[in-house]
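Protein chains: 2
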Amino acid sequence: MNYSDLLVSTAKKRKSIVCLGLDPILDKIPIQENNLRKKIFIFFETILNEIVRKNIYPSAVKPNYAFYAQYGFEGLYALQDVISLFQKAGLIVILDAKRGDIGSTSLAYAKECFGFFNADAVTLAPYMGYDSISPFLKFDQDKGIYVLCRTSNNSAVDFQDLVTDGSPLYIKVAEKLCAWGSGNLGAVIGATYPHELEEILLTFSKLNKKVPLLIPGIGSQGGDLKSIVGLLKKYSYLPLHRINSSSGILYAYEKVHNVQYNIAAINELNKLNEEIEILSEGLC
Amino acid sequence: MNYSDLLVSTAKKRKSIVCLGLDPILDKIPIQENNLRKKIFIFFETILNEIVRKNIYPSAVKPNYAFYAQYGFEGLYALQDVISLFQKAGLIVILDAKRGDIGSTSLAYAKECFGFFNADAVTLAPYMGYDSISPFLKFDQDKGIYVLCRTSNNSAVDFQDLVTDGSPLYIKVAEKLCAWGSGNLGAVIGATYPHELEEILLTFSKLNKKVPLLIPGIGSQGGDLKSIVGLLKKYSYLPLHRINSSSGILYAYEKVHNVQYNIAAINELNKLNEEIEILSEGLC
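Sequence lines, in order, name chains C and Y. Here the first sequence stands for residues 1 to 284, numbered as in this note's numbering. Here the second sequence stands for residues 1 to 284, numbered as in this note's numbering.
Watch out, some of these pointers could steer you wrong.
[Stated by the list, open to error] Cβ pair distances, simulated, as ranges:
#1 Y:Phe73 x C:Ile25: 55 to 61 Å
#2 C:Tyr235 x Y:Gly222: 52 to 58 Å
#3 C:Thr46 x Y:Lys206: 56 to 62 Å
#4 C:Ala179 x Y:Tyr235: 35 to 41 Å
#5 Y:Gly166 x C:Val157: 15 to 21 Å
#6 Y:Glu33 x C:Thr46: 40 to 46 Å
#7 Y:Lys233 x C:Asp142: 50 to 56 Å
#8 Y:Gly222 x C:Ala179: 50 to 56 Å
#9 Y:Glu254 x C:Tyr235: 50 to 56 Å
#10 C:Ser9 x Y:Ile31: 30 to 36 Å
#11 Y:Phe73 x C:Ser247: 47 to 53 Å
#12 C:Asn2 x Y:Glu254: 36 to 42 Å
#13 C:Val157 x Y:Ser182: 38 to 44 Å
#14 C:Gly115 x Y:Gln141: 35 to 41 Å
[As the list claims (entries may be wrong)] Heads up, simulated DSSO-like pairs for lysine-lysine below, C-alpha to C-alpha not over 27 Å straight-line:
#15 C:Lys12 x C:Lys210
#16 Y:Lys111 x C:Lys111
#17 C:Lys176 x Y:Lys176
#18 C:Lys88 x C:Lys39
#19 Y:Lys138 x C:Lys28
#20 C:Lys176 x C:Lys13
#21 C:Lys138 x Y:Lys28
#22 C:Lys39 x Y:Lys111
#23 Y:Lys38 x Y:Lys13
#24 C:Lys111 x Y:Lys28
#25 Y:Lys210 x Y:Lys138
#26 C:Lys111 x Y:Lys234
#27 C:Lys176 x C:Lys210
Because the hints were derived from the structure by calculation, they are not lab data. Where is the CB? At the ideal position from N, CA and C, for every residue including glycine.
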């Protein structure tokens, strides 16, 4: 199935556009287990079991490569385990790896992400241009690709806001994505910048393109959910997009007393799904 | 030792500014060995032994992460082996990984590259700005960082050449590197674009900064060695920089008859070292 169609059908099936970030932070995982790979796996397996038990799902999951790779091979084995675990449960897995290199090297990265790790989608960096993206586009047309467009961090302004011929760099990236893509090419846009999100949505709308968005930055980074959902509804088709939350869900137990981490996480996921459902007025 | 000082002293000791790219391409490795990790290790160990035997050294080595990661865990074990092998022989190891993410995630990548893999230097992507670079700068001030500035591939023009206030994006990146760095922050500039290299060197010169350059793109990509060395001599201090060659050296045996791959590789490395020495007129 085409990646955009998969996104839309999954959102409708799960009644969710939430992407659950799967970023292990060892100090925050409340499990007594010395084996790092096991500790990470048990943490996410317990959360997944609660997802299944309560039938409250996210609409994709997103492990960030760095959070696993920092722990060396044990971490990377855990990444492989976690991808496989969530895929077997029918969830879309977006590998957040922000790869990008010259053509032949990007092909090797596509083999890593789509071949070896078997992710359903991947995040890429745009700086090196089309030939760093195209090996991923050609590798498997059912796989998804999200290119960094306007990121959620403070220093996003350093280069992404530089203006050429009246348009900032992130709009130039957005325009190129429209030229290069065909349903499987999406964009990463931080929830912390609703004005920039609106500009980008307007660009896609003018060019008559439906570009799947991956939107991190709500919760601890401060993005406003109401504005984001409002903009997605106004300019696009909500079920095509994913709003990401990582630590706000995974480590929700830290903010409530005497609640097991898996229960606290799924309560938080449920809350986010419901908030978006109310804001979307039944569009999902 | 400060990374810039290490570059200069190593160049003088080795009489070389060549960085040898260590990119395994299984089909081109002429060794009968089914175990992938062993095959890659034996290939590079045999080449290193020839380097030591002939006392003809490169002045750094650069494994590209993608070429190992495409083969999964066996490839990544080989990467760890290869880094350790060349470090033990006293060579600077630049891990070409082109990482970049928001601050907390970039710190995890710094732990991966500098901690787990113990590389001496790393390549990074600039798109997300300062807070994606700073965790690497702060991790260990003796380690080196090369940020993509003007890359060697055809599609580099897509974004890197966009002009803001009279300057292309790669000059904006070059200026920021001068503002952020202090001897351990370098730039990647492709040898295929000597005009752009000159502009960047002029920028560094005007800002009175010595920024170590990592220059891929000679050989199969078509960069002209004479122009590159001429520009480095004119505007900067040659021993601070590294000119990279990967497949041109590693797989040199393909172009000569009846010569073992290790001997062909070191002959090619020697040729490149000598060409640069002649062009540099004894500056190395």
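For this structure, which hints from the list above don't hold up? 1, 2, 8, 10, 11, 13, 20, 23 and 26
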